[in-house]
Amino acid sequence: MTEQLDAGLVAQEIAEHPDALSKPYAGGELGRGRRRKEDAKLVTGQTNWTDNITLPGLLHMTVLRSPMAHARILSVDVSAALEMPGVIAAYSGADLADVMGASMPCAWPVTPDMVSPVHTPLATDEVRYVGDGVAVVIARDRYAAADALEAIAVEYDQLPAVVDMEEALKPGAPLVHSEKGTNQCFVFDFPGAGADYAETVKNAGDDAVVVRRRFRQQRLIPTPMEPRGVVVAPIAAADEFTMWSTTQIPHILRIMLALTTGIPEHKLRVVAPDVGGGFGAKLNVYAEEILCLVVARKLGRPIKWTESRSENYQATTHGRDQIQDIEIACTKDGTLLGLKVELLADMGAYLQLITPGVPVLGAFMFPAIYKMPSYHFTCTGVFTTKTPTDAYRGAGRPEATYAIERIMDELAAELGRDPMELRRQNWIKHEEFPYEMVAGLTYDSGNYEAATDKAEQMFDMAGLKAERDRRRASKDPVQIGIGISTFTEMCGLAPSRVLGSLSYGAGGWESASVRMLPTGKVEVVSGATPHGQGHHTSWSQIVADSLGVPFEDVELVAGDTRSSHKGMDTYGSRSLVVGGVAIHKATGKVIEKAKRIAAHLLEANEDDVEFGGGTFSVKGSPEAKLTIQEVALATFAAHNLPDGMEPTLDSDYVSDPENFSYPHGTHLCAVEIDTETGFTKILKYVCVDDIGKIINPVIVEGQIHGGLAQGIAQALYEEAVYDAEGNLTTGSLVDYLVPAAPDLPHFDTGRTETPATSNPLGVKGVGEAGTIASTPAVMNAVVDAVRQYGVNDIDMPATPERVWRAINGEGSARATAGTVAYGGTSTGSTGGAAADEALDDNRSAL
Amino acid sequence: MIPAQFDYVAPTTLAEAIAALGAAGEDAKILAGGQSLIPVLRLRLAFPTTLIDLSRVSELRGVGEDGDVLVIGAMTKHSDVIEDPLVRQYAALLSEATSTVADPAVRHRGTFGGALAHADPAGDLAAVALALDAELVAEGPGGRRTIAAKDFFVDYLETSLSPDEILAAVRIPKLTGDWGVRYEKFNRVAQAWAIVGVATAVRTEGGSIAEARIGLTNMGSTPVRPHSVEAALVGASTREQVVAAAASAADGTNPPSDLGAKADYRQHLARVLTARAVSQAAGITS
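Protein sequence lines correspond, in order, to chains P and V.
Per my numbering: the first sequence = residues 35 to 880.
Per my numbering: the second sequence = residues 145 to 430.
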């Protein structure tokens, strides 16, 4: 499992296992590169996307959205829309005010005094971002519903847009929520678990080297393949409702819908059918879900809403959007003294489900893999008139990882040290685990040396450095830069008591049920909801391995609150680490009970019965054996069970993790920069990830590849841009550049395996690793290539124009006149010296 | 797609199409490959009353010869232009540039004539038509007329076609002799529009440039033909001479400043890319 994988693995799997026929368990299920069970249906169109659902009498809803970033609503007149052919109903926010709930939920009040504005599914008094819902139309078909939107007359009184976080915090700035008297949502202050930062640096006196940088986490648009959609079917007579939604969180959604609308939880069934990706953007409770529900209740008819891509870009949560002021200190010999982090985090116009929690989660990740005695983290949440932010793949950890890995390179440059050598000096050695971090977490395991050694070997670090230096010396127009990211992250959200201490509104457990059917087949019910990850396959492998049944004999039931009644759903790379462990433990309970039945049937002492490979046998009597399938049938028949035993082989387990898991790895990137145009091309990308034990290496490879693509996209391509009036100027895939296969390099992936000690499977989670690790690796490489020109930072994405301007002394100028500037990039300072001086030194050194 | 309502006509001959266009009034739109029009309809940015779909007009498809001229039907798909042996032989620049248009799905639906009639200055093919001295054949109720490429592109998304005319074919003089070609397209991701593109065809004699044709993509509201660069290139045989000639590639241009790039950066790119395109087309390496 530690060997490098490539695309040939799938072919190899097919060659080695040409028949997938049902046969006795042969072992080796864990770690096997199974083809994904779910793919045949996905690639042949036999899917059940929300928009495919059609019901008798189905009506279609469309949403009229605000064209302005900020305005008072003077009037909404839907009367002309009601006259249009095919239109059944049309409602303004005021029309639905008494049924749509007081406010949509934010489940993460990160401070007791957090400002939490009212957020109704349709705006009633003011619109606060372009895309904010104003009215809905219900019609017999989507065409009629879309046509009628244009007949709704809305009078607005335009108010000033609030687009810049720093401007928003200044006294007298226009307010997003005037009734709150401030644009500041919260200040979360976390002094860490170690020494005082300022004191520590002061005590070091002249020995202290301090580097400051301002990094910008641009706003990103998650862009799952499938935009959102909702269908609600009411049973009016019973006041019962079934909702199908493109959600990652049917279980949490059901609870929140009940709390928001007053429809009792037991009268609500929420189904996440096939869902085409989420990346955190479907980890929410959205206005359209509530609107479809309350309109279906009002009309007694099924309602469907399907989001267009343009709507998705405006009305589905965005990610990132932070200004990061980072200060790191070390002694002159490079030993870290501490880290100070001051964040501004853009909430957007309202708080969605975990909007404020995302940057705060990052508080625990900034110190990353490094030992340091002091740490101080502060985050200020800011309201702006933009689409709300929320989770996006990595959620808090990519931002933190970027900042620490970038500033470690800046510190190395300041000290004149090799950036990897400086990291090695400061990271936790493998023999030092478990290690209590300055941010309060205890890392259970890790081996940064092993991952790094392997990555450097795969990368040919020496050869690439030689070529880089040759091109520098010859002033080649195409320069090379080398970037490092030695990252860690926290997965497996989360121990419930930790979430409680962070004021999150729920726990972090996960539920599983395993049901042996009379014929020996197995249904496994999981509270983790698939939306592309491959749960059907991985869960089948875990069950097959544990129960000793064929992989093909296992079926997953998930994503429906009626059949999978308990769950905390899928986000934060938690499925395997929390949900997979729950399944493993549930199978253990099945085996335990089956063993008692087998002992009874075999007339043996239970202690003499052994289980392996799906068979119960009696010690010393090789012929006395029963397969687990035979036990299942006998249990169903119930003719001969121990006295008082229930005739089922079902079990439930709810697993609450004892700690987070901590995947880590070393990513290395070499870029070529065309200095004449500023174009960056990734020359080589190597990653060695340590995600602990692996259930399915093909799924792991897919997760790493997709994660790398999204992380590289943040570094080089994607950015949601608002103009000064608060219009989203990257409103479609024409302007919001999502890279495709031709734009991405070959990925050389490898792994080391240091099992997590905090769960019985030894797994750590892999859903976000590639995204978290790759962005700083690429940007460190870009900056390495141009540092010779006096450049020490470039805003992301590092567009050709930005790189070209940086090379030509225009600093980190933003690409577009209409773009909202976030303020200049700090050039940093050294041991109290002025920033300019440091920069001059930098230039003269080169 | 949920567009506003429109009538739909699918004629099978050019004469029928012209008649249908005349009958449909001024808010009719011609539907060729639909790769620009359909997104606009989907976003409800256009509300045509009638779409006249040319996809069944077979006389508008295909590539032929008329003596020294290549004749390409307006409804010939990009994918067919790329593969066509006559285009490859006599207008290799067009074949190369077309292969950079968007992605394979778009190239299998989009048409050469549709792209030219749409007249987006960020589109790759208008600059090629201009550089190759193409003539555009328009047909309307008054008959057929031929428009030089330099007169065809009037402004952003605006051509000299009359509202009652349909672009029927494009005539491209064959390049014969020792021509090299290169389309230098600069974009951030492979599927994106060109930030700047430079189309070049260069004829060399004895290692030096005898004749150069250049068209610039996205350097103004129409494609641009930098004649002064073409003139300055004559006689060039070294990379240094090419770079010197290309230094005026952006002179007099007025490129857009938008999300993709600011104008001064586009002008810089035009100079760099012109030097690169010409050098490569001419086989000048040092």
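I should point out that these hints are in silico values taken from the structure, not numbers from a laboratory.
There's no promise every hint is true.
[Claimed, not checked] Taking lysine-lysine and the DSBU-like style, the derived pairs with C-alpha atoms no more than 35 Å apart in a straight line are:
1. P/LYS509 x V/LYS406
2. V/LYS406 x P/LYS204
3. P/LYS214 x P/LYS236
[Unchecked claim] So the derived label-pair ranges between C-beta atoms look like this:
4. V/SER352 x P/ARG506: 32 to 38 Å
5. V/VAL250 x P/VAL77: 20 to 26 Å
6. P/PRO208 x V/ALA154: 51 to 57 Å
7. V/PRO317 x P/MET259: 22 to 28 Å
8. P/ASP175 x V/ALA154: 19 to 25 Å
Every residue, glycine too, gets a C-beta built ideally from N, C-alpha and C.
Cβ distance range 19 to 25 Å for P/ASP175 and V/ALA154, holds or violated:
23 Å, holds
Range agreement (Cβ of P/ARG506 with Cβ of V/SER352, hint 32 to 38 Å)
34 Å, holds
Given the hinted pair P/LYS214 and P/LYS236, is their Cα-Cα distance within 35 Å?
39 Å, violated
Quick check: does the Cβ-Cβ distance between V/PRO317 and P/MET259 fall within 22 to 28 Å?
46 Å, violated
For V/LYS406 and P/LYS204, compute the direct alpha-carbon distance and say whether it is at most 35 Å.
Roughly 30 Å between the alpha carbons, so the hint for V/LYS406 and P/LYS204 holds.
Hey, P/LYS509 versus V/LYS406, does the alpha-carbon distance stay inside 35 Å?
With a Cα-Cα distance of about 27 Å, the restraint between P/LYS509 and V/LYS406 holds, given a limit of 35 Å.
Per the hint of 20 to 26 Å, is the separation of the Cβ atoms of V/VAL250 and P/VAL77 within bounds?
22 Å, holds
Holds or violated: the 51 to 57 Å window for the beta-carbon distance between P/PRO208 and V/ALA154?
At roughly 53 Å between Cβ atoms, V/ALA154 and P/PRO208 fall inside 51 to 57 Å, so the hint holds.
Consistency with the previously given hints fails for numbers 3, 7, ordered from lowest to highest.
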